[in-house]
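Undergrad: Let chain A serve as the given structure and place chains B and C on it in line with the hints.
Chains as they are written, first to last, in the working numbering: chain A, 1 to 411; chain B, 1 to 186; chain C, 1 to 167.
If you are wondering where the hints come from, they were derived from the structure by calculation, not from laboratory data. Since the model is a prediction, treat every value here as computed from it, not as a measurement.
Listed next, the in silico DSSO-like pairs over lysine-lysine satisfying Cα-Cα at most 27 Å (straight line):
#1 Lys-25(B) - Lys-171(B)
#2 Lys-268(A) - Lys-48(C)
#3 Lys-295(A) - Lys-110(A)
#4 Lys-3(C) - Lys-52(C)
#5 Lys-91(C) - Lys-52(C)
#6 Lys-3(C) - Lys-102(A)
#7 Lys-110(A) - Lys-298(A)
#8 Lys-201(A) - Lys-268(A)
#9 Lys-176(B) - Lys-161(C)
#10 Lys-295(A) - Lys-194(A)
#11 Lys-110(A) - Lys-316(A)
#12 Lys-102(A) - Lys-148(C)
#13 Lys-7(C) - Lys-102(A)
#14 Lys-316(A) - Lys-331(A)
#15 Lys-71(C) - Lys-148(C)
#16 Lys-316(A) - Lys-102(A)
#17 Lys-298(A) - Lys-102(A)
#18 Lys-102(A) - Lys-91(C)
So the derived label-pair ranges between C-beta atoms look like this:
#19 Leu-141(C) - Ser-70(B): 30 to 36 Å
#20 Glu-140(C) - Ile-214(A): 43 to 49 Å
#21 Tyr-164(C) - Gln-318(A): 30 to 36 Å
#22 Leu-6(B) - Pro-198(A): 35 to 41 Å
#23 Asp-5(C) - Ile-214(A): 41 to 47 Å
#24 Asn-156(C) - Ala-20(B): 54 to 60 Å
#25 Asn-156(C) - Glu-183(A): 51 to 57 Å
#26 Lys-3(B) - Glu-160(A): 28 to 34 Å
#27 Asp-42(C) - Met-334(A): 46 to 52 Å
#28 Val-4(B) - Val-184(A): 32 to 38 Å
#29 Glu-290(A) - Thr-5(B): 40 to 46 Å
#30 Val-4(B) - Gly-140(A): 24 to 30 Å
#31 Glu-69(C) - Ala-310(A): 28 to 34 Å
#32 Lys-161(C) - Asp-148(B): 29 to 35 Å
Chain A residues, not near chain C, derived (Cβ > 10 Å throughout):
#33 Ser-53
#34 Tyr-75
#35 Ile-155
#36 Gly-242
#37 Asp-294
#38 Gly-302
#39 Glu-338
#40 Ser-393
Where a beta carbon is used, it is the ideal one built from N, C-alpha and C, also for glycine.
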Amino acid sequence: MSNPITKITPNAAVYFDNDPQDELITLNIGPTHPATHGVFQNVVQIDGERIVSGVSTIGYIHRAFEKIAEHRPFYQITPLTDRLNYCSAPINNMGWHMTVEKLLDIEIPKRVQYMRVIVMELARIADHIICNGILGVDTGAFSGFLYVMQEREFIYEIFEEICGARLTTNIGRIGGFERDFNEVAFQKISEFLKRFPPVLKEFENLFVRNRIFIERTSGVAAVTPEEALSYSWSGPILRATGVDYDVRVVAPYCSYEEFEFDVPVGTKGDVYDRFMVRNDEMWQSLRIIEQALDKIAKEPSGVFHADVPAFYLPPKEQVYTNMEALIYHFKIVMGEWETPQSEVYHAVEGANGELGFYMIHDGGRSPYRLHFRRPSFINYQMFAPMSSGMLISDAILNMSSLNVIAGELDA
Amino acid sequence: MSKVTLAEAPPGVEGSGFFATTLDKAIGLARANSLWPLPFATSCCGIEFMATMGSTYDLARFGAERPSFSPRQADMLLVMGTIAKKMAPVLRQVYVQMAEPRWVIAVGACASSGGIFDTYSVLQGIDEIIPVDVYVPGCPPRPEAILDGVLKLQDIVKNESLNRRNTPEYKALLEKYGIITDNGNG
Amino acid sequence: MDKLDNKLVLSELENRFRGSFVVLGEPHGLLTVSVEEDIITDFLVFVKDHPKLRFNYLTDITAVHYPTEEKDFCVVYHVHNMLHNVRLRIKVFIAGPMPTIPSATSLWNGANWMERETYDFFGIVFEGHPDLRRILNMDELDVFPMRKEYPLEDPNRVDKKDFYFGR
Chain A
1 MSNPITKITP
11 NAAVYFDNDP
21 QDELITLNIG
31 PTHPATHGVF
41 QNVVQIDGER
51 IVSGVSTIGY
61 IHRAFEKIAE
71 HRPFYQITPL
81 TDRLNYCSAP
91 INNMGWHMTV
101 EKLLDIEIPK
111 RVQYMRVIVM
121 ELARIADHII
131 CNGILGVDTG
141 AFSGFLYVMQ
151 EREFIYEIFE
161 EICGARLTTN
171 IGRIGGFERD
181 FNEVAFQKIS
191 EFLKRFPPVL
201 KEFENLFVRN
211 RIFIERTSGV
221 AAVTPEEALS
231 YSWSGPILRA
241 TGVDYDVRVV
251 APYCSYEEFE
261 FDVPVGTKGD
271 VYDRFMVRND
281 EMWQSLRIIE
291 QALDKIAKEP
301 SGVFHADVPA
311 FYLPPKEQVY
321 TNMEALIYHF
331 KIVMGEWETP
341 QSEVYHAVEG
351 ANGELGFYMI
361 HDGGRSPYRL
371 HFRRPSFINY
381 QMFAPMSSGM
391 LISDAILNMS
401 SLNVIAGELD
411 A
Chain B
1 MSKVTLAEAP
11 PGVEGSGFFA
21 TTLDKAIGLA
31 RANSLWPLPF
41 ATSCCGIEFM
51 ATMGSTYDLA
61 RFGAERPSFS
71 PRQADMLLVM
81 GTIAKKMAPV
91 LRQVYVQMAE
101 PRWVIAVGAC
111 ASSGGIFDTY
121 SVLQGIDEII
131 PVDVYVPGCP
141 PRPEAILDGV
151 LKLQDIVKNE
161 SLNRRNTPEY
171 KALLEKYGII
181 TDNGNG
Chain C
1 MDKLDNKLVL
11 SELENRFRGS
21 FVVLGEPHGL
31 LTVSVEEDII
41 TDFLVFVKDH
51 PKLRFNYLTD
61 ITAVHYPTEE
71 KDFCVVYHVH
81 NMLHNVRLRI
91 KVFIAGPMPT
101 IPSATSLWNG
111 ANWMERETYD
121 FFGIVFEGHP
131 DLRRILNMDE
141 LDVFPMRKEY
151 PLEDPNRVDK
161 KDFYFGR
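Okay, chain A solo, but in the shape it has when bound (with noise of 0.2 Å):
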């Protein structure tokens, strides 16, 4: 077991190893390293296996995402949004959708916010059996990945049957969903329900009473509540630390206020309890997503997106065939409507924490000026100087853990 982390200091410059008496040795981890699950680089600087200090660098997939968002209209920001955390692609969609409706003001129906939960919960299970199941791989246990890793793809069956896309989803359009579910998607979902949970319980039990497991992870990289959001750190990871902020209940969207389910912290803010954290709260989604589909089934069937021809693209195939809806798509394409030139703030629990997206509109086409607050970029500053006094073999659980995916990071 390391020690925790006595004191945190800033990123400095970049090593370089010219002193012949220097006993520290510089090691480059990344870009593209195995174990990081992703593209980014640390220079650090070991004495035998213990890091002293390290820098990040990142920007290796810099997409310039908010220049592309000032040249899209709104509806073709959703599929950039996809892109941004691509293991939960679909809460990016929502949150998207919702900034846009608030600036809009635009009033959705109660059964397409339910649906909206059960696609964004669904969605957070997917992200956390992917990092669950990573870390586990990390601490060298395989067997739990495959066996979770069989439930995600039907997640992402469900996803097919209600989109079309398994990853990058593009789900929903501004006010509310491009098609209903069908039948075959409230099945799927139902059964996800029924198979689901004893899968996760016997991941469960490979893990959370797993010795090795423990001594691998219990007490690694701990951080305090004070630092972590000295960091700005949100999502499971500050959760795990003690501090129970979520978006979900503090500043409740899509009808959240309704539902109950618990949001699980943890004590001590280790590897171990962001696993905990995150375990537990792939259960309380499935809580969730049971009473969404309670919800759905007593309001009004057929409702899948509101009354809004102004905003909401109709059907392609009433495009074809009938005036009206021709002339509402083409005004929507060509960015002809009225919109209030207004600026709006709309912050979603992302699976890896606040997703916010800042939005300045200048009444045009497309935004004037679009930031996304992505939890990933936010949560990874403070790795490097978090890294100094551990082991390289915990730095690397550490980064697992935090869940940090690269599309959200360099946007």
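TA: Just chains B and C, lined up with the frame of chain A:
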């Protein structure tokens, strides 16, 4: 009955106790069915590659059991995801470090052409810096598509000359990319 | 403890900074104020440490470019009081071409990368930042790409012929 499926033998002369074919074909068969992939995964496509390697789709069925994270021991470079200009020199270096014979698959729209990211920071297709053998379309491609790409590459590998590295066309191709080939026997 | 709302925030700010800040409105319920760059550090310290306000969570730092305005850059801070779920947006308008503003890294460790990102995109110099380098873009890049005058697409591309696109 055994569950092991055998690779189809190349055309040759068969008699009792012997089978004769050309060395090219025999080695090509062996190479094609034991490609060691180097997953150069940067973004979304990498997650789909994870599914491809995972239990449902299982790339290992096609002889690509062992992902080789060291370029020195890899045959097939799978570039999955956006390659930003900042990443380009790294990718090129990885390619140069690979030993002959080496093949490259560009998985997904970004690696093939830049995809939807027509921006100042993104390389518009990896074929600007390294030669590519197979392109897999999709954003991201489904795991089946990635498998299809690997199978296409197997076809190429099977039918390729053993001595590709010394052919003038291949040398000219690499030279076009500014990659100097000096393997001592050419 | 009183429920914190925008009115209370505003009255506390009035008590301390009367006349040196401007209320820009409450778009979608989020109080937005603008202050001058010379008092931004005091302002942030005040809203962070004031026992009633306690906006001690830095959500985000970013910037906006308004090329037609006289003060053509705007640095935007979002701070958050998690207990009461009240957010505050603080804008600082500064003039280019190399606008400078004091750094917030002494208040929040998390400001470090946010400010580096803002510098990288807009070229806003945060004075007192421990390590103000480019973060996402290549070090060799000599422009600040999010400024409005720079194009989205790579101007050096040769394969993109205008006539393919009807231009």
